[in-house]
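There are 2 protein chains.
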Amino acid sequence: MKIHEDAFKIIEESINRVKPDEAVKAALSGRDFKGKVVLIAIGKASWNMAEAAYEMLKEKVTGGVVITKYDHSRGPIGDLEIFEAGHPIVDENSIKGTKRVLDMTSALGKEDQVVFLVSGGGSALFEMPMDGVLLEDIMDITDQLLKSGADIVEINTVRKHLSKVKGGKFAQHCENTSIFSVVLSDVIGDPLDAIASGPAYRDSSTSEEAMEILERYQLSVEPHILEVLKIETPKDLKNCETVITGSVTALCSAAMEVSESLGYTSYLLSSTVDGEAREVGRFFSAMAREIRNGNSSFKTPCAIIAGGETVVKIRGNGKGGRNQELALSCAQGIEGLEDTVFFSVGSDGTDGPTDAAGGIIDGDTAKKLREKDIPLEVYLDNNDSYHGLDSVGALVKTGPTGTNVNDFMVLLVNER
Amino acid sequence: MKIHEDAFKIIEESINRVKPDEAVKAALSGRDFKGKVVLIAIGKASWNMAEAAYEMLKEKVTGGVVITKYDHSRGPIGDLEIFEAGHPIVDENSIKGTKRVLDMTSALGKEDQVVFLVSGGGSALFEMPMDGVLLEDIMDITDQLLKSGADIVEINTVRKHLSKVKGGKFAQHCENTSIFSVVLSDVIGDPLDAIASGPAYRDSSTSEEAMEILERYQLSVEPHILEVLKIETPKDLKNCETVITGSVTALCSAAMEVSESLGYTSYLLSSTVDGEAREVGRFFSAMAREIRNGNSSFKTPCAIIAGGETVVKIRGNGKGGRNQELALSCAQGIEGLEDTVFFSVGSDGTDGPTDAAGGIIDGDTAKKLREKDIPLEVYLDNNDSYHGLDSVGALVKTGPTGTNVNDFMVLLVNER
Chain A
150 MKIHEDAFKI IEESINRVKP DEAVKAALSG RDFKGKVVLI AIGKASWNMA
200 EAAYEMLKEK VTGGVVITKY DHSRGPIGDL EIFEAGHPIV DENSIKGTKR
250 VLDMTSALGK EDQVVFLVSG GGSALFEMPM DGVLLEDIMD ITDQLLKSGA
300 DIVEINTVRK HLSKVKGGKF AQHCENTSIF SVVLSDVIGD PLDAIASGPA
350 YRDSSTSEEA MEILERYQLS VEPHILEVLK IETPKDLKNC ETVITGSVTA
400 LCSAAMEVSE SLGYTSYLLS STVDGEAREV GRFFSAMARE IRNGNSSFKT
450 PCAIIAGGET VVKIRGNGKG GRNQELALSC AQGIEGLEDT VFFSVGSDGT
500 DGPTDAAGGI IDGDTAKKLR EKDIPLEVYL DNNDSYHGLD SVGALVKTGP
550 TGTNVNDFMV LLVNER
Chain B
150 MKIHEDAFKI IEESINRVKP DEAVKAALSG RDFKGKVVLI AIGKASWNMA
200 EAAYEMLKEK VTGGVVITKY DHSRGPIGDL EIFEAGHPIV DENSIKGTKR
250 VLDMTSALGK EDQVVFLVSG GGSALFEMPM DGVLLEDIMD ITDQLLKSGA
300 DIVEINTVRK HLSKVKGGKF AQHCENTSIF SVVLSDVIGD PLDAIASGPA
350 YRDSSTSEEA MEILERYQLS VEPHILEVLK IETPKDLKNC ETVITGSVTA
400 LCSAAMEVSE SLGYTSYLLS STVDGEAREV GRFFSAMARE IRNGNSSFKT
450 PCAIIAGGET VVKIRGNGKG GRNQELALSC AQGIEGLEDT VFFSVGSDGT
500 DGPTDAAGGI IDGDTAKKLR EKDIPLEVYL DNNDSYHGLD SVGALVKTGP
550 TGTNVNDFMV LLVNER
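Here the protein sequences line up with chains A and B, keeping their order. First residue of the first sequence? That's 150 in this note's numbering, and the numbers climb one at a time after it. First residue of the second sequence? That's 150 in this note's numbering, and the numbers climb one at a time after it.
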């Protein structure tokens, strides 16, 4: 059916547009860097981002460093120095790579340009302790904070103050040079000081907060660590420009554009959807019913689009993921609606511990499941969306996509 | 602030438009009934509906019967016969009133007109067992079904087949006459064969289903009851016309119109929202954030409208209602947004076991609660939305409104 084909086109094309290489090309396209360019890429997607940037800037690049996760390099890129390092735990290779970055950028001047490619995972891959602090100190404090029940924001606040590159301090290090950052965002709401711990973005956490956190969890640290914590992270950086790309916002925009090109009037509701997966599916089904009965403000043919990252409260012991559960729940609410298709898909191609990216359902899905003798509710109750959707051919499988910008969900309703 | 005033105007004016009297006037306005009119009104809102109809049709009304709940009559209406009867349990007065209706309508002819005003509660107030069946039989079977775990749809299927007026059989009784029904809907999706058990609407349940239900729950009934169950409910009624009014759909339409008149571009998302109250609030907050950041398809000033009936999973032991909890949850998600107001309100004016109709919140609500030393999360975790909202003046109190067409929720976002 055409509407299913359209849905698959939207999935494929939207994800393609937020892949690291495409995202970097879009961000760099039309930019003219005057002097020589040093290319620094950190994070899990850094190899792909660096390759794309190198291809565009080739003759201008005088050198650079790529730090990615083990097994994530796919070979040499020009004369860039490529490091593979520890993730999610910092290791000696993270430090080695970071040292090369600091060395290479320490003597740059006004006429130079750092192109800084940032993706998720950068916190572990790009790290150098402040002078007088050991990597072991940072690991020990992190460990103590974790055991005391500190949350990730608190832990990062402390770590930024112990690091020589996090919390805007990398930009401070190259303060005589311009830094153009291209950030592939995997954090909802795109908080630039949180993605990869914000090496080239003004920090919103303070030295005072870091001290309070140690006090709150009654951590004992040595005096020299306390001295370092007192050094404030930069609150104002004049040498930085940042472009967010390949974020969930970009994913949603892509879905809008592709849907429009296929003839659907498209509406973006939100790119920061959180909440319980099945409840989000339920809300989408309530909108679908209204579109079908003709009272909705959305007129057919239309595409209702949202992005974000939902959660699943595990009650059963089935197999599934948040996108699959969201789709299955929506199938319950749209049973019987014609020419109505909905999908929820994770942009990384991996939804939960499964080989599916998400689910795609329509008004017949619930009936088909009942005819197979296991009603939808049973799968839903057992958090077994994978097997439920699989039994009626409603899984979306893209394979690993090489990008990770959260999830998106699209409701398509056609004219009757 | 103007946006708050606007919100209160939308609440008041929208509910006014779906009050039983206004709803009846709107439904009857412009209609010209040729012959004499018999006015029959059943349900909890029947007195108000009958009074409004009587005022409009006065000289044409040759007689009529009103059956309402005890203490719901507010005095005589012309020469209509007014009965007060049992609800939610049928009693002898329900039967007495229903007998008068059947007597009064049995001799009507083609030139006559029954104006039939239906509201919630009509199932108990309008009842007459089939010949050979006793009211006690029906009560006994209902009781057995309840104890066996049968759901309300199953129970109603059986009861419709044991009743002389339910499931379209009242319309069958006056088959020589036209019946014009005005239905005040309190059931989401307006299923006309379910509201008051559909006395003048073709029935979707079958005799076969009724038998299967008895079998499923292994009920032993006497042979003469089985004989009665074999008689099919009408599947086709040519003498009936039905107007649904004062439904949640009408409530949402009113909210659209009032919002538009106040200058907000208005969008109706759904009139069948169900799901967990706090999750619906969360989805609204995700939409609000996107409107504020400018990426949403909804441009300011706008009103995002939905209706329905959510549920609350009780975890704490606080005081609240589904609308108050929904609003409180939304306040969490829109913290810090300016010129953004959201309300969720029950049209009957009573949300849960409280004297509030719902809650109205804005981007400052969460902060105000924190400044009062009890953060929003504490109220939410304890299902204590009433006290949370009350402490910052965020309750909506309308008093009982005399109507009951579910809940509505509106997000207003103004230009900055």
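Hints were generated in silico from the structure; no laboratory data involved. One thing to keep in mind: the hints can contain errors.
For chains that are exact copies, the list does not tell them apart, and a pair is met inside one copy or across any two.
[As the list claims (entries may be wrong)] DSSO-like cross-link-like pairs, simulated, lysine-lysine; straight-line CA separation at most 30 Å:
1) K521 <-> K387
2) K516 <-> K462
3) K448 <-> K158
4) K387 <-> K296
5) K379 <-> K174
6) K379 <-> K448
7) K158 <-> K207
8) K384 <-> K517
9) K259 <-> K209
10) K183 <-> K521
So, going through the hints one by one against the coordinates:
Proximity of K521 and K387 under a CA criterion of 30 Å is satisfied in neither setting, with 63 Å inside one chain copy and 39 Å between copies. For the homomeric pair K516 and K462, the shortest alpha-carbon distances inside one copy (25 Å) and between copies (28 Å) are both at most 30 Å. Proximity of K448 and K158 under a CA criterion of 30 Å is satisfied in both settings, with 21 Å inside one chain copy and 28 Å between copies. Taking CA atoms no more than 30 Å apart as the test, K387 paired with K296 passes in neither setting, with 38 Å inside one copy and 73 Å between copies.
Neither within a single protomer nor between protomers do K379 and K174 lie at most 30 Å apart by alpha-carbon distance, with minima of 40 Å and 73 Å respectively. Taking CA atoms no more than 30 Å apart as the test, K379 paired with K448 passes in neither setting, with 58 Å inside one copy and 45 Å between copies. For the identical chains of this complex, K158 and K207 are neighbours neither inside a copy (33 Å) nor across copies (62 Å), given an alpha-carbon limit of 30 Å. Taking the shortest Cα distances, K384 and K517 sit within 30 Å of each other only across copies (28 Å), while inside one copy they are farther apart (57 Å).
In the homo-oligomer, the alpha carbons of K259 and K209 lie at most 30 Å apart inside one protomer (16 Å), although the nearest pairing across protomers, at 92 Å, exceeds that limit. For the identical chains of this complex, K183 and K521 are neighbours neither inside a copy (65 Å) nor across copies (55 Å), given an alpha-carbon limit of 30 Å.
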